[in-house]
Amino acid sequence: MMSQFLNTYFSNVIKIQDEVLESFIETIYMVLLTAVIAGILGIFLGIILVVTGPKGILVNKRIYNFLDQFINIFRSIPFIIMMTLIVPFTRLVVGTSIGTSAAIIPLIVGTTPFFARQIQNALLEVDPGVIEAAEAMGSSPLEIIFRVYLKEGLTPIIRVSSLTIINLIGLTAMAGAIGGGGLGNLAIARGYNRFQSDVTLVATLLILLIVFISQALGNYLVKKTSH
Amino acid sequence: MITLKDIGVTFGSANAPIKAVEEVSLSVDKGDVYGIVGYSGAGKSTLVRTINLLQRPTSGKVVVAGQDMLALKPSELRAARKKIGMIFQHFNLMDSRTVAGNIAYPLRKSGLSKADIQQKVADLLELVGLSDKINAFPSQLSGGQKQRVAIARALANDPDVLLCDEATSALDPKTTLSILSLLKELNERLSLTIVIITHEMQVVKEICNKVAVMENGHVVEDGNLVSIFTQPKERITKEFINTATHVDQALEKILSHPTLLNLQGDDTLANISYVGSNTSEPLIATLSSQFHVSTNILYGNVEILQETPVGNLLVILSGEPAQKQKALSYLASKNVAVDILTSQSEKVIQFRQKQKIS
Chain Z
1 MMSQFLNTYF SNVIKIQDEV LESFIETIYM VLLTAVIAGI LGIFLGIILV
51 VTGPKGILVN KRIYNFLDQF INIFRSIPFI IMMTLIVPFT RLVVGTSIGT
101 SAAIIPLIVG TTPFFARQIQ NALLEVDPGV IEAAEAMGSS PLEIIFRVYL
151 KEGLTPIIRV SSLTIINLIG LTAMAGAIGG GGLGNLAIAR GYNRFQSDVT
201 LVATLLILLI VFISQALGNY LVKKTSH
Chain Y
1 MITLKDIGVT FGSANAPIKA VEEVSLSVDK GDVYGIVGYS GAGKSTLVRT
51 INLLQRPTSG KVVVAGQDML ALKPSELRAA RKKIGMIFQH FNLMDSRTVA
101 GNIAYPLRKS GLSKADIQQK VADLLELVGL SDKINAFPSQ LSGGQKQRVA
151 IARALANDPD VLLCDEATSA LDPKTTLSIL SLLKELNERL SLTIVIITHE
201 MQVVKEICNK VAVMENGHVV EDGNLVSIFT QPKERITKEF INTATHVDQA
251 LEKILSHPTL LNLQGDDTLA NISYVGSNTS EPLIATLSSQ FHVSTNILYG
301 NVEILQETPV GNLLVILSGE PAQKQKALSY LASKNVAVDI LTSQSEKVIQ
351 FRQKQKIS
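Protein chains in written order, with this note's numbering: chain Z, 1 to 227; chain Y, 1 to 358.
Derived by calculation from the structure, the hints in this document are not laboratory data.
What you are looking at is a predicted structure, and each value in this text was computed from that prediction instead of being measured.
Worth double-checking, as some hints may not be accurate.
When the alpha-carbon atoms are kept at most 30 Å apart in a straight line, the in silico BS3-like pairs for lysine-lysine are as follows [unchecked claim]: (1) Z:K55 x Y:K19; (2) Z:K55 x Y:K73; (3) Z:K151 x Y:K120; (4) Y:K73 x Z:K151; (5) Y:K133 x Y:K73; (6) Z:K151 x Y:K133; (7) Y:K114 x Z:K151.
Please build the complete structure, drawing on both the sequences and the hints.
Pasting the structure below:
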């Protein structure tokens, strides 16, 4: 009964089960690897923005202005254009511009500025009075970053991280459009180009599943860390 | 303990400078509870921040515990700050840490072992009377409890000085008194030097032994509490004192009901103020028995400042003009200040005459 239903309405999916699974894993791989690398870079840049920015603990107009403009420019380039724009750079780093590993480079370049800005906003939510108190207690800038900003700002950091990951999942689908692999690629190469709309539907459902899990995990952690 | 010399703080650009603090010099001795009072915008918060260099002064010299603060390297400054505790109007506790975590925060790298830190946190909590809240988060505490935690945290590194920036301004009157009595106790028990910034003269009156009054970035008057309270020179000082003693309010209230005042043409409306031992002499009785001047008391108030009683009486003196003159000089000989309120009494008499005519 069940297999009959699947064979009728999801015939194409059934035929390429392995490919669907592979695409799913590719998407997860792209999301996770990008999240880790862009996460570290974004937090680093976000912290620099906050501490060198106006009223920061290490005010530095030149660094702040440079970084601020840099991020604005990179955030303004549409992702699909940026992917093609940085192909030479991708080739230089990965050796090829096609495939899942090659997609990681544009994904990192596309996600880091966005995440850095999100982290900046998250850290600016930390009460300036608490930062002042830490300074008054003789904390060093590094101590203030690690023991105050990152700890007091943990809840908003988790919130913007889950937002960024959901955003990133969208980007991986787009990376699929130019041969990046993953569920996006599957939906376009199979579902769209070969009129196998059941493949598109399943790819969509799987992407939604990843989004929902990320969102739920984010909400759970936000709840757990806020006092 | 703390010496500020010719402190100036200027904000803004070179062509539109805002002088928040100008030419301020003051010195705080060990064991003082030094009040700096002024309206908001007077520059008092900026001034207190120059003591631990949260605000670097544009000019002047800051010496705390013998150290020239402006000459210190960053790491030396951080070490010096550990010996200068600070508490704030909005407590500034870390919401992500428990009460114990907040108090232990400044103790990292202090050379204490984990067990020592735990012991110290427990001792500090006992000192501020919050031992039962050790594992609570700040969001679970009331304002007064939060300030107690903040005080414990400020004391963690055994500072010589405690700076209080409007520390009671966000608290209700009863909680304010309990925090002030805790500060007083710490001042006495630990011989802690305390600098208090406030816009409430009540706070100063309660615990300070010295006070400086600030206006527009300047210290307009400073000195020990009793002399400032009894012999204020500047207008703003008088204003602040009146907010604490309520004499002005009382006078205004009485004068707004002139019909209640049985003020005759030759009566004298006066404000009598006296300090210290005079309070124990039966002055009013003497006026009556010796000079046959009768005294009608409209309002009275006694404050105890630094164990010294300071009294204020709003009175109507009536009697023979010559006898009244003698009475006044008798009061002067007893070091009782008499402020004759001529203009106010004229207003009342005029009002009464108008009423009679109509």
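A quick look at each hint next to the structure:
1. Taking the CA atoms of K55 of chain Z and K19 of chain Y, the gap is about 19 Å. The hint holds against a cut of 30 Å.
2. As the CA atoms of K55 of chain Z and K73 of chain Y are separated by approximately 21 Å, the hinted pair is consistent with the 30 Å bound.
3. Distance check on the hinted pair: K151 of chain Z and K120 of chain Y sit about 23 Å apart at the alpha-carbon level, within 30 Å; holds.
4. With a CA separation close to 28 Å, the supplied pair K73 of chain Y and K151 of chain Z stays within the 30 Å bound.
5. Distance hint between K133 of chain Y and K73 of chain Y is unfulfilled; the C-alpha atoms sit about 38 Å from each other, more than 30 Å.
6. With a CA separation close to 21 Å, the supplied pair K151 of chain Z and K133 of chain Y stays within the 30 Å bound.
7. Distance restraint check for K114 of chain Y and K151 of chain Z: the Cα-Cα separation of roughly 20 Å lies within the 30 Å cut-off, and the hinted pair is therefore satisfied.
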